[in-house]
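In case it helps, my numbering puts the sequence shown at residues 39 to 171.
Be aware that a few hints might be false.
Restraint ranges, calculated between C-beta atoms of paired labels, are given here [unchecked claim]: (1) M117 / H59: 51 to 59 Å; (2) F67 / E142: 30 to 38 Å; (3) T151 / K122: 13 to 21 Å; (4) A146 / K53: 33 to 41 Å; (5) P154 / I133: 32 to 40 Å; (6) A90 / I52: 28 to 36 Å; (7) A69 / V114: 33 to 41 Å.
By construction, these hints were calculated from the structure, which means they are not laboratory data. Glycine is no exception: its CB is placed at the ideal position from the N, C-alpha and C atoms.
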Amino acid sequence: MTTINFVLVDANSIKMSINRHCNEWQDKFTALLRNMATEKLRESTKFMHENAIAVTQAPENLNSLSDSIELYERLVATMTDTQKELPAIREQFAILEKYEVPVEDEDAVFYRTYPPLNHKFENMVHFLVICTL
39 MTTINFVLVD
49 ANSIKMSINR
59 HCNEWQDKFT
69 ALLRNMATEK
79 LRESTKFMHE
89 NAIAVTQAPE
99 NLNSLSDSIE
109 LYERLVATMT
119 DTQKELPAIR
129 EQFAILEKYE
139 VPVEDEDAVF
149 YRTYPPLNHK
159 FENMVHFLVI
169 CTL
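Throw the hints in and build the complete structure from the sequences for me.
In structure tokens form, the structure reads like this:
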């Protein structure tokens, strides 16, 4: 209760409503961040896994050789983008950890295995670059 001149104002219900609204907004925002971070992590992991398998398979004919060369060129061209994803994913998960947002166990395992997988994938592409020189 606050007195302004001769009027007694009770702002407790407004304060509680604003507080509740801010908490709801924070929950929705952190849920969105969690969904975006886990989706990006899953997409990146899937991309690396599928392309690692495709790159290591020996071509069986001229068409598959052509496809392998195109895949190789695309991977080399997108390597800098792939390298930029890891710090962004780490930052998003650090924010989630800071605000104590729960992450599913499966996504936590993906997150822990992502840096070694990313490193292995980069090494494999760099090895292919060296082999073609």
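How the hints compare with the structure:
no.: 1; hint: M117 / H59: 51 to 59 Å; verdict: 44 Å, violated
no.: 2; hint: F67 / E142: 30 to 38 Å; verdict: 18 Å, violated
no.: 3; hint: T151 / K122: 13 to 21 Å; verdict: 19 Å, holds
no.: 4; hint: A146 / K53: 33 to 41 Å; verdict: 37 Å, holds
no.: 5; hint: P154 / I133: 32 to 40 Å; verdict: 22 Å, violated
no.: 6; hint: A90 / I52: 28 to 36 Å; verdict: 56 Å, violated
no.: 7; hint: A69 / V114: 33 to 41 Å; verdict: 37 Å, holds
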